[in-house]
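Novice: Listed in order, the protein sequences are those of chains W and G. Quick note on numbering: the first sequence equals residues 468 to 782 in the working numbering. Quick note on numbering: the second sequence equals residues 2 to 532 in the working numbering.
It is worth saying that the hints were derived from the structure and are not from the lab. Backbone N, C-alpha and C define an ideal beta-carbon position, used for all residues, glycine too. Be aware that one or more of the hints could be misleading.
As the list claims (entries may be wrong) - Derived contacts from chain W toward chain G, CB cut-off under 8 Å, selection only: (1) Asp516; (2) Glu553; (3) Val625; (4) Gly629; (5) Arg744; (6) Asp775.
Unchecked claim - Derived contacts from chain G toward chain W, CB cut-off under 7 Å, selection only: (7) Ile233; (8) Asp421; (9) Gly447; (10) Asn451; (11) Gly454.
Stated by the list, open to error - Covered, in the sense of this in silico footprint (three residues per stretch, anywhere, with C-beta under 8 Å from a C-beta of chain W), are these stretches of chain G: (12) 166-176; (13) 244-250.
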Amino acid sequence: MFAYIVRRLALMLVTLFGISVIIFVLLRVVPGNIVDILFDAAGFVDPADKANLEKELGLSQPIVVQYFNWISGLLRGDLGYSYVSEKPALQEILPRIPITAKLAGLALLFSASIGIPLGVISAVHQGTRLDYTLRVISLSGLSLPSFWLGLLILMASVSLFGMMPIFNPNPKTWTEAFAIYAVPAMAVGFRSAALTMRITRSSMLEILRQDYIRTARAKGASEASVNYHHALKNAVLPVITVIGIEAAFLIGGLIVTETVFNIPGIARFLVEALRWRDYPIVQNLVMFIACVVVFTNFVVDLLYAAIDPRIRFGD
Amino acid sequence: MRSVHALGVAALVMLALPDPTFAGEPKSGGILRVYHRDSPGSASIHEGATYSINIPFMPVFNNLVMFDQHKAQNSQDTIVPDLAESWAWSADKKILTFKLRNDVKWHDGKPFTSADVKCTFDMLMGKSQQKFRQNPRKSWYDQVNEVTTNGDYEASFNLKRPQPALLSLLASGYTPVYPCHVSPADMRTKPIGTGPFKFVEFKANESIKIAKNPDYWKKGLPYLDGIEYTIITNRSTAILGFVSGKFDMTFPTEVSIPLLKDVKSQAPNAVCVVEPVNVSTNIIVNSSNPPFDNLDIRRALALALDRKAFIQIQFEGQADIGGTMLPAPAGLWAMPKEMLEQIPGYGPDVEKNRDEARKLMQKAGYGPDKRLAIKIATRNIPIYRDPAIILIDQIKSIFIDAELDVVDTAQWFPKVARKDYSLGLNLTGNAVDDPDQSFYENYSCGSERNYTGYCNKEIEKLFDQQSMEFDVAKRKKIVWEIDKKLQEDVARPIIFHSRTGSCWQPYVKNITIMSNSSYNGYRYEDIWMDK
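Pulled out of the complex, with its shape left as it was, chain G reads as follows (with noise of 0.2 Å):
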């Protein structure tokens, strides 16, 4: 009689619940309607280095390879294939070649052929006739040698070394193939592409427009009709547009902690997640004039830090201490916790930190009688503000008295470019989590983002032993050293690793939010909405 009874209960709970292919099945058409925070500078990715740009127009595109659009992890294991069927290193390590899809259109009918793999490459490598306004990741492609074709539909790679990272470079969302017969400037205005949707319309400071694409290589996709981007940069307007319905997903990972809570309070039924941005927030010290010069100053410095205060303070707790790359477990290349807290600065007592650091500061002559006098530069952005503000009340603890020197956005970069500065505050965003896009770009000799000009030929050697390694559990051990060695050097103190959120309406379906990166996964092609 129990079994019965069992059974009857069980009967009832499966009609409860819904029908999960019926539930699950994805509907097409319909627009969805997101805000963006500000009106991109052009809608050429290439050209770019914001995910402003990114998330408007990824879905116009396709790469080679992409990062699973639905694995929240990027990893080499996550890459799957896109404009290329497949792809395959030569024995040496030295080539890498795609086969291609012999199915593929550009929007405006032409094929798709190896010639636009070359194009683009070659353009990228400041290679071609024609060229890039500005080319901000010219330097991804420094190991590559030159890109070959095998007729139509095959592309290959050659490479000066090894480079096990370029597949994971080359799945970014920041590295779409072009079509050779449209000019750089078209494509600044008017993309054409070969991805799901298709350009419409960029107003600036009003909205962005793309439509499905009704000849989609992949059959079937994409599901919505269109995507609007209204363009808001009024923080509030936009978190309010949200609310009320007038908007299906906020501009992903763009939602703060604090107002995260706003909308889970007036919104109930949105579903938000919160995921880290592999954006850290940390120190730029010159190091090539006094008073920074000195390695124990630099060393004060960096043992002066309560990150947790920072976090606490900014995030209410969320957010992650790390190194320079992203702390795990959404990182793949963090230290481990215990080799972390060994490093200066990282250990749990901050006091303890800061007597150390007190002791360096009267070593180097300066006291309570002799503070340090110095400015902290930033932008006049709140992202970067607030931190050094929190860094100047820190500091004053080690006989440290800075004014916060508030810099106008155009005249950041130029600014550090001349080594104008003692110490700027600074955010660092990595597009892909891998260390060679981190440790070329910020720490490389003679890097462009190398801000700080930290240059250690011991370290160089690494970066390439590193590199050219493709047993992934070898290389972590170096990129661990790496980082270990970064942060005892004080070449750019890492504050911390942010997190923020991201919101859409329940009845907007298969949306992931990546958390090991925000410029990858926006191509949007099965996303739907079940209203």
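Just chain W, same shape as in the assembly (with noise of 0.2 Å):
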């Protein structure tokens, strides 16, 4: 086990390093630069001004020189300066990171707390109205897009209760505070919810047919017993998979949401430091993304093995 984690973390440590390359090449390879842009607002570009500021922000140097100043800034706690605040990047992203996960967090509790048991009980009835109705439900939380759930809600909030729960730094009250953050959870973990559902169903129905399951039902074990103490804890493994695999897309998924209800998370924020083409924002904000991604997939490997004794990492 000891030496399956130490191989897990240095792969871990490769794969950072192969994003930090990749994110680093296409960043630079993508046409035009911070100063472009700042020079779009001017209305034309100033070859000496625009050779001035490239200097200035080291953009001129060789591509090779500005990767290592990045990385061993990384490596020193240093993630440089953002083009367009010209205030430290870790400044800008840190307050912001809290915001995101607490949203993506709720989104993820919304996503197993709806999907799992709404999975178990479709499953349980297969065939039934019931059944037929909570796979429509399913269906349409995978196809309904999360920006217009979450512009519906908005305009359902401001019609019915003349409210509108966009973020808000400083919340009045309690109710405010939930609002802000279960809101647009609810609105991007409807699709995560009908996902988890959907494998919860397929995973629930597949050991339903098992013949221990049989074995348990001849044995008296009441449904309720069968159904969550011998089905489900089986049944849970895909999920957990789903789940891991949904934790990360969150954070994807999280840009258009953070978008329609104005929330100041990292999502957002990588979408707009692209648009400037803010190298040191864009790049230490997908590394930390891509950290969480490599982490979670790591967690998940290992809660396999906490969840079903029967799995065990080769040593």
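Quick one: dock chain against chain with the hints and give me the complex.
Specialist: Below, the structure written as structure tokens:
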């Protein structure tokens, strides 16, 4: 087990190095840089001023030097300065992480707490009206884009309650504090919940047809015990995989939701930084997201062993 | 008896009317909440060329002079003192001298003096040690030789030749006075001004906050405790925020005509106005290369335009047709309608114009069997893309098959500068409704924003002639002649001048939206809220 963890950690470092090279090169392959965009607002490009500004920002250095500067800074904890705000990149990124983390956490919670029970209910009542209804709901969850759902929620809030649950850094009441995260979490978590429900259902159906389930029933175990103790425990493995993947996917999925609900999290910030070609912000944010994804996968792998004792990692 | 009744009715009516003194008495306090359309690149007005910077930061500063903030139409007659108490032209009209106020302090407590005026304009002219990262309006001061001071409270602009428009340029929201003792870098991130509001915080993509300057030199002002701009890039979310009462005001001049209908239906009490913004939608024509090096083809293009159709489709009829200068009545320098209609392509009979265009195309060798294939380049932004698509449809009628070439924002100006296009759909905003700003920036030989490279030495002489003319009536005639010639030369065919809406809640008082510029009316020192 220890050797496995060490190997995985080493692999994680190699993966992150690869990602750092890819993101660094890709950013510079995309036409245009911050200087072009700054001049865009001015309505023209002055070649001399452009060259000065590129020099000032270090963009005129060879790409290898730029990469080395970035990585060595990263290792020292110096993420550089945002080209746009001219503030330390760390100062720009750090306050936004908890916002997105809260939103993603709530969305995952919503996804699991709705998706898993409904998936079990749907599987247990296979072929009934309830099953069909739940499947239609899950299909709609997969089909509705989260930005559209978000806008619908906002419009409904305005027309029904005369209020709007968009972000407020200083909420006045706990209900407002809850609403500014919970409502967008529901909008983005709806799709995730639908996927979780479908995976749970199909996994449960497969398990419910196993011999040991029939044996449990023959021994007189209650339906609840069969469904939740015997079946769900074994059906949950693929569900965890999906939730793990969804956790990583959520960062991307949150871009639209953060925009619609005007939440100043890292997902929306990343898009804006990309628009401005704010390399220090984009590079460091993508690295941060990559770390989250790689680490989540690592945790999911470890969870396998904890949940299913049959799974052992080869040394 | 009848007269007694009449008196009684009159008394009742008077009682029913609100007390004008009471209702109109400004109240102090409150934070004005406005949504902002995007995150500006910096807080430095001098380094930007977008009103995304002007609007939130103009209240932090003062100019030497400014346009009266409650007269919608900016003109030389509406210029009022600001940091300058008075101004005077020398007899030869080559020196403009400002007497400055002596009771003004920067927000950090340091006194404002003529040295700050000199520093600001030296930097704008590129003559100082400290440099702006970008200096988009350097050309505004081409006629200024130097700025001199006489003591702490007098500054003079010494010109190469008379230029009456200089005063208008100095009154623009784009021309605040900066402090000498603060670096351009600091002005981009934490600006210091002398204005009614102090800078508090600018969180990129989140919010901009400014707070009342309690030591403002205009005693009793501002009325508001502060202004908070929440940056909301999603337009639907922003409008819903206004409708739900989360915001007191929309981002000025940013509500499109179709969206305005939504606002009025969902918030019927909101006060909304629609005004021209002095932004023209136009075609940039690459006349350096075939096929548009041929004047006949350029003229055919101008003749093919159905401007009313553009306006109907995009603005439900609420936009204006004109030449380079903003059309009347909002615009001060527009050609008379009769003169405009004589220009090819501006006549009311579109089919007749297009018949003529087809003949010109056939003369150039094109026809139904030999159609001209081109690309129309434009930026990947709806206000650019939408008219480009209409243009593609309209020029089909003159044997031109065009394909839309959508260009990323970062690549647009480099591409235009390389002349890597045949036709481009472009928007041109004018900060000041004055021919000097428009002509020199967009049509003068060698100007950086003269994207098409149009250069006509005869017209250049007329530019200077009008620029030096102090008599407005005489100047107008020269301006009309220039504008007509520019349209006939198909230098940069103007399709339309847009109008947009601004809305605020009924308790927000004293807002005036300018009708011939969207860059100059955001000082907000005497806005108040009746709640």
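Novice: Taking the hints in turn, state whether each one holds.
Specialist: Hints, one by one, checked against the model:
1. Asp516: Hint on aspartate 516/W: holds, closest Cβ of chain G at ~6 Å, below 8 Å.
2. Glu553: 5 Å, holds
3. Val625: 4 Å, holds
4. Gly629: 6 Å, holds
5. Arg744: 6 Å, holds
6. Asp775: 44 Å, violated
7. Ile233: Nearest chain W Cβ about 5 Å off; hint holds.
8. Asp421: 12 Å, violated
9. Gly447: Interface hint status for glycine 447/G: violated (12 Å vs cutoff 7 Å).
10. Asn451: 9 Å, violated
11. Gly454: Given a least distance of 12 Å, the restraint on glycine 454/G is violated.
12. 166-176: violated (count 0)
13. 244-250: Coverage by chain W holds here, the residue count being 4 at a Cβ distance below 8 Å.
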